[in-house]
Each structure stands twice: as structure tokens, then as C-alpha cells.
Amino acid sequence: MKRIGKHLLKLLLTLMVGGFLAATLVRLAPGFGTDEEQLDTRLNSTSLESLNKDLSPKENLATFYVHYAARLLRGDLGMSRTLDRPVRELIAERLPETMKSVVLGLALGWLMGLSLAVVTVMMRSVATDGLFTFLCGVLLCIPAAVWALLFVLARAPERFILALIVLPKIYSYSRNLLTRSAGLPHVLTAYAKGLSRGRIVAWHVFPTAAPQLLALFGVSVSIALATAVPVEALCDLPGIGQLAWKAALGRDLYLLTTLSVLVTAITLVANSGCELLGSMFRAREA
Amino acid sequence: MKWLRAAAIGFLLIVAGASLGANFVAPAGYAHQFREEPDAEPSRQHLLGTDDLGRDRFSRVLYGTRVSLLLAPAAAFLSTLLALLIGGAAGFVGGRFERVVMAATDLFLSLPWLFLLLTVRALLPLNVSAITSVGITFALLGCLGWAGAARVICADARGMRQADFVLLARASGTTGTRLLLRQLVPNLWPIVLAQFWISIPVFILTEANLGMLGLGVTEPLPSWGSLLRELQSYPAISSQPWLFVPLIVFVVVVGSFHFLLRTEELPA
Numbered sequence: 004m005k006r007i008g009k010h011l012l013k014l015l016l017t018l019m020v021g022g023f024l025a026a027t028l029v030r031l032a033p034g035f036g037t038d039e040e041q042l043d044t045r046l047n048s049t050s051l052e053s054l055n056k057d058l059s060p061k062e063n064l065a066t067f068y069v070h071y072a073a074r075l076l077r078g079d080l081g082m083s084r085t086l087d088r089p090v091r092e093l094i095a096e097r098l099p100e101t102m103k104s105v106v107l108g109l110a111l112g113w114l115m116g117l118s119l120a121v122v123t124v125m126m127r128s129v130a131t132d133g134l135f136t137f138l139c140g141v142l143l144c145i146p147a148a149v150w151a152l153l154f155v156l157a158r159a160p161e162r163f164i165l166a167l168i169v170l171p172k173i174y175s176y177s178r179n180l181l182t183r184s185a186g187l188p189h190v191l192t193a194y195a196k197g198l199s200r201g202r203i204v205a206w207h208v209f210p211t212a213a214p215q216l217l218a219l220f221g222v223s224v225s226i227a228l229a230t231a232v233p234v235e236a237l238c239d240l241p242g243i244g245q246l247a248w249k250a251a252l253g254r255d256l257y258l259l260t261t262l263s264v265l266v267t268a269i270t271l272v273a274n275s276g277c278e279l280l281g282s283m284f285r286a287r288e289a
Numbered sequence: 006m007k008w009l010r011a012a013a014i015g016f017l018l019i020v021a022g023a024s025l026g027a028n029f030v031a032p033a034g035y036a037h038q039f040r041e042e043p044d045a046e047p048s049r050q051h052l053l054g055t056d057d058l059g060r061d062r063f064s065r066v067l068y069g070t071r072v073s074l075l076l077a078p079a080a081a082f083l084s085t086l087l088a089l090l091i092g093g094a095a096g097f098v099g100g101r102f103e104r105v106v107m108a109a110t111d112l113f114l115s116l117p118w119l120f121l122l123l124t125v126r127a128l129l130p131l132n133v134s135a136i137t138s139v140g141i142t143f144a145l146l147g148c149l150g151w152a153g154a155a156r157v158i159c160a161d162a163r164g165m166r167q168a169d170f171v172l173l174a175r176a177s178g179t180t181g182t183r184l185l186l187r188q189l190v191p192n193l194w195p196i197v198l199a200q201f202w203i204s205i206p207v208f209i210l211t212e213a214n215l216g217m218l219g220l221g222v223t224e225p226l227p228s229w230g231s232l233l234r235e236l237q238s239y240p241a242i243s244s245q246p247w248l249f250v251p252l253i254v255f256v257v258v259v260g261s262f263h264f265l266l267r268t269e270e271l272p273a
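Residue numbers (the numbering used here), protein chains in the order written: chain G, 4 to 289; chain X, 6 to 273.
Because the hints were derived from the structure by calculation, they are not lab data. These numbers were taken from a predicted model, which means no experiment stands behind them. Hints may be right or wrong, so weigh each one.
[Unchecked claim] Computed far set for chain G versus chain X, every beta-carbon distance over 12 Å: (1) Arg45; (2) Val106; (3) Val122; (4) Gly281; (5) Met283.
[Said to hold, decoys possible] Cβ-Cβ distance ranges computed for the label pairs, FRET-style: (6) G:Val69 to X:Thr137: 27 to 37 Å; (7) G:Asp239 to X:Leu58: 17 to 27 Å; (8) X:Phe29 to G:Ala268: 44 to 54 Å.
Glycine included, every Cβ here is placed at the ideal spot set by N, Cα and C.
Generate the whole structure from the sequences, applying the supplied hints.
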């Protein structure tokens with residue numbers, strides 16, 4: 004319980020610092036209080052002056068942050084300037100869509116990546132290892148946005164793109180971890196005693212690599228969430244990735260920073276959960 | 006695998022040479038429009054045809070490659086330098102300072118890169134020129150990409166702090182900056198170099214993603230992101246397979262960096 008409480012406190016503190024940094028970044032940015040409308044050559048000087056007055060910051064940094072934090076505590080995430088709708092409503096509408104893609108992508112990516120890594124470790128064949136490494140290397144060289152376009156062209160299910168992006172990273176890291184575990188003295192002894200390869204991997208190799216694999220899972224959540232931006236934007240999937248892209252194009256800073264803080268929170272929860280599970284695993288192993 | 010590495014180095018040298026000499030190799034400037042020949046097919050004059058604005062695609066690939074191949078290593082240098090300063094100092098000093106720095110690094114690592122890049126990119130003033138936008142895009146990549154490398158360097162520096170040769174140096178009276186510069190930094194060099202090589206393909210890929218979303222280098226300056234954006238013209242692709250050439254060059258260049266990386270990682 005103490006460990007969980009410590010993790011929660013760390014999470015809360017990190018989120019507060021992250022929120023403060025996000026608010027400060029928005030307020031001090033050179034583009035704060037500017038809009039594309041200001042570049043409209045049809046506007047006369049009076050209209051421009053009134054527009055500038057409307058857009059110019061009305062509060063100093065301290066007041067801005069206090070108001071920002073107070074609003075957040077009330078659960079008020081503000082209004083989206085470009086979409087003219089409450090940010091909370093937009094997130095509630097779009098987050099499930101992204102989470103569906105992320106969960107499916109992670110499940111598939113992990114299943115394929117880990118399976119390939121296990122096959123490599125079990126077979127101990129240079130050719131298999133070389134083939135899988137080459138295939139994953141090719142996947143690693145193609146940007147997510149290109150995958151998105153190719154999937155749209157091929158009319159393939161777009162949700163699988165996340166799996167393709169996560170797969171090579173899962174494969175390369177888990178392969179290294181499992182290979183390292185497979186070389187430990189107790190595993191070599193198990194081989195020498197004639198235990199089957201499957202049994203060795205399941206009972207000796209996996210448990211040793213489990214804490215690091217859990218940490219890798221936390222990292223893969225962050226990768227999947229970041230990949231959601233180009234995939235949803237180019238495949239027209241109505242998730243928070245597409246929302247972030249629209250907000251960036253429309254310079255909707257409140258929406259964009261709220262989304263960044265939200266995604267940071269999800270990543271932190273995933274990482275903390277994995278770290279906690281990993282430390283519990285290590286304690287049990289010890 | 007030595008021949009593969011040699012092939013990767015050879016390919017990168019050819020691509021780098023051609024792109025650096027784009028002023029002499031390219032048949033036209035990247036912004037020059039052949040207005041009477043928009044969407045032209047490949048010919049002797051235009052090796053990869055022209056885009057919808059009549060600009061020679063081969064020239065744009067060369068200039069775009071130059072932008073990415075010059076600035077991605079520059080961004081990688083910036084991020085590795087920051088990682089060395091932050092991670093190296095934290096590992097060398099240790100104690101509470103290390104804990105605070107690593108907590109900040111953890112926070113940075115938790116921030117999803119692309120969301121952060123989109124946010125910072127959207128915060129910039131409206132009237133940025135193409136040259137400024139390219140500089141800003143890669144500078145942002147450099148400034149935001151240090152955290153992972155800093156963690157690795159810090160772990161290595163922490164290990165070295167207690168190493169026998171450092172204890173011996175301390176015992177012989179070497180302290181502070183001298184110890185850092187003469188003993189630690191030279192020994193951190195392999196890992197710093199590995200982090201530098203790791204960052205380059207990552208930054209090239211990130212710029213490509215940003216460019217394809219319309220948030221990277223602004224027109225008319227080409228970059229791989231804006232070149233790959235042409236793949237969005239779906240109806241044209243089936244009849245114009247040469248639109249895939251920039252993608253093929255891109256994949257081979259990033260793949261070549263990965264090949265270099267595998268061997269550069271070994272000393273680390």
C-alpha cells in the first residue's frame with residue numbers, strides 16, 4: 004500500500020509540474036494571442052486594432068496560472084476556440100476511439116513482436132534472427148504517416164498501423180532481453196539438464212526478463228499514443244490524435260495543451276503501473 | 006555483415022554527396038516552376054517528372070535530402086550535447102542533484118513527443134519564413150530529444166564515478182572539471198556516439214511525420230516530409246509509380262543509418 008501511495012503521489016506531483024509547465028509554455032509562447040485572421044489583408048486598421056485588443060493577453064503569468072489551475076480543479080477544461088465546443092465534451096467523445104486503436108494496436112504488436120522474439124530465442128538460428136531483424140528493420144524505416152497513406156490506398160483496416168509501428172520496437176528490445184536472460188548460468192544449466200526449450204523459455208527465461216518487459220510495455224503505450232496523431236489525421240479516424248492535429252493547425256492552444264497533459268497522464272499511469280508491477284515481480288523473485 | 010555496413014556507408018556517401026552538390030547536380034532550383042509542364046512524366050529533362058506546380062521532382066528530392074541530412078545530424082548533435090551535459094553532470098555529481106535531474110528527465114520522457122512537438126510548433130508566430138521554419142523544426146527536435154540519451158549517459162557516468170580508475174585519479178588529487186574532462190568524458194565517448202547515431206534516424210522519421218501532417222518545413226523549401234506528402238494524391242499514384250521514388254530513397258537512407266547504428270552500438 005505504501006508503495007502504491009508513493010507512486011500515486013509521484014504521479015500527482017508530476018502532473019502538477021507538467022500542467023504548470025504547459026500553462027507557462029502557452030502563456031509565454033511568441034504565438035500566444037495571435038490568429039490567422041490578423042494576416043487578412045482585407046481588414047482595415049480599426050478592425051485589426053479591435054482584433055488585436057481581443058486577442059491580447061489580459062492577465063499576467065501568475066493570475067493566468069491561478070485561473071488555469073482553478074478551472075482545472077473544477078473540471079472545467081475550457082472551450083475549444085476552433086471547434087467552439089467544450090474541451091471536456093470533445094475529449095469524452097474522442098478518447099474511446101483512440102483507446103480502442105491503442106489497445107488493439109498494442110495487443111497485436113505485442114503478440115507478434117514477442118512471438119517473433121520467442122521464436123528467435125528458441126530456434127537460436129542465425130538465419131531466422133537475420134530474417135526477423137531485417138523485416139523489423141524495414142518496418143522501423145517507414146514513418147507512421149506513410150503507413151497511414153498506404154493503408155488508405157490499400158483500403159486496409161487502419162487500426163493495424165499502430166501494431167506495425169510498435170512491433171519492430173517490441174521485437175528488437177524483447178529479443179535482446181530474452182537472449183540476455185537465455186544466457187544466464189541457471190538457464191544454461193537447465194539446457195544442460197535436458198529440459199525442453201519451451202519449458203526453459205516459459206519457466207526460466209521469461210520470469211527473469213519480466214520486469215524489463217513490463218517497463219517496455221509502459222514505453223510502448225507512449226509510442227502508440229504518439230503514432231495515433233498521424234494515423235488518425237490521415238485516415239480520418241475521429242480520435243484525440245486527429246483532434247490534436249486540428250488544434251495544431253488552428254492554433255487552438257488550450258485544447259492542444261489539455262490534450263498533451265491528458266496523454267501525459269495516460270502515459271504516466273501506464274508507466275507507473277508497469278513500474279509497480281515490475282517491482283512486485285522483482286520482490287517475489289528475490 | 007561488414008559488406009552490408011560498407012554498402013550502407015557507400016550509399017549514404019553517394020546520397021550525401023549528391024544532395025550537398027544539389028546546386029550543381031540538380032537540373033533546376035527547388036522552387037523553379039516549369040509552368041507549361043505541371044504533373045509531367047519522367048523524361049530526360051525531368052528524371053522524376055514534375056509536381057502539380059511544375060517543379061522538377063528530382064531537384065526537389067536532392068534539395069529535400071540536403072535539408073534532412075544536414076539538419077537531422079545537427080539536431081542529433083544538439084540533443085546529444087544536452088544529454089551529455091545533463092546526464093553526465095547528474096551521474097558525476099550524484100546524490101540529491103542526480104535524483105532531481107532524473108525526475109525532470111522522467112517527466113520529459115513521459116511527455117508524448119509528437120503531441121509536444123505539435124504544441125510547440127503551433128505556439129510559434131504566424132509569419133515565420135521557410136528557412137526559419139526548417140531551423141525551428143529541427144532545433145525543437147534537438148531540444149526535446151535529449152531525455153532518453155541523458156538517462157543512458159547518467160547511468161554510465163554513475164557507474165564510472167565508482168570505477169577504480171576514477172578513485173585512483175581522485176586519490177592522486179584530480180578533482181572537479183579536470184576529472185570530468187580528462188577521465189569521465191573520454192570514457193563516455195562510445196555511448197555518446199551511439200546516442201548520436203540513434204538520434205539521427207529518429208529525427209528524420211519525426212520530421213517526415215510532421216511534414217506529412219503539414220506542420221514541418223514550410224513551402225517552397227522541400228524536405229522529406231513535404232516530398233512524401235505527395236503520396237496523398239491517391240488517384241495519381243496508380244498511374245505515377247515514380248512518386249514512390251522519394252519514399253524508397255527515404256527508407257534506404259534511414260535503413261543505412263540503422264546499419265551504421267548496429268555497429269556503432271557495440272562499443273557501448
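Taking the hints in turn, this is what the structure says about them:
no.	hint	verdict
1	Arg45	holds, 16 Å
2	Val106	holds, 16 Å
3	Val122	holds, 20 Å
4	Gly281	holds, 15 Å
5	Met283	holds, 20 Å
6	G:Val69 to X:Thr137: 27 to 37 Å	holds, 34 Å
7	G:Asp239 to X:Leu58: 17 to 27 Å	holds, 26 Å
8	X:Phe29 to G:Ala268: 44 to 54 Å	holds, 52 Å
Violation of the numbered hints given earlier is absent; every hint is satisfied by the structure.
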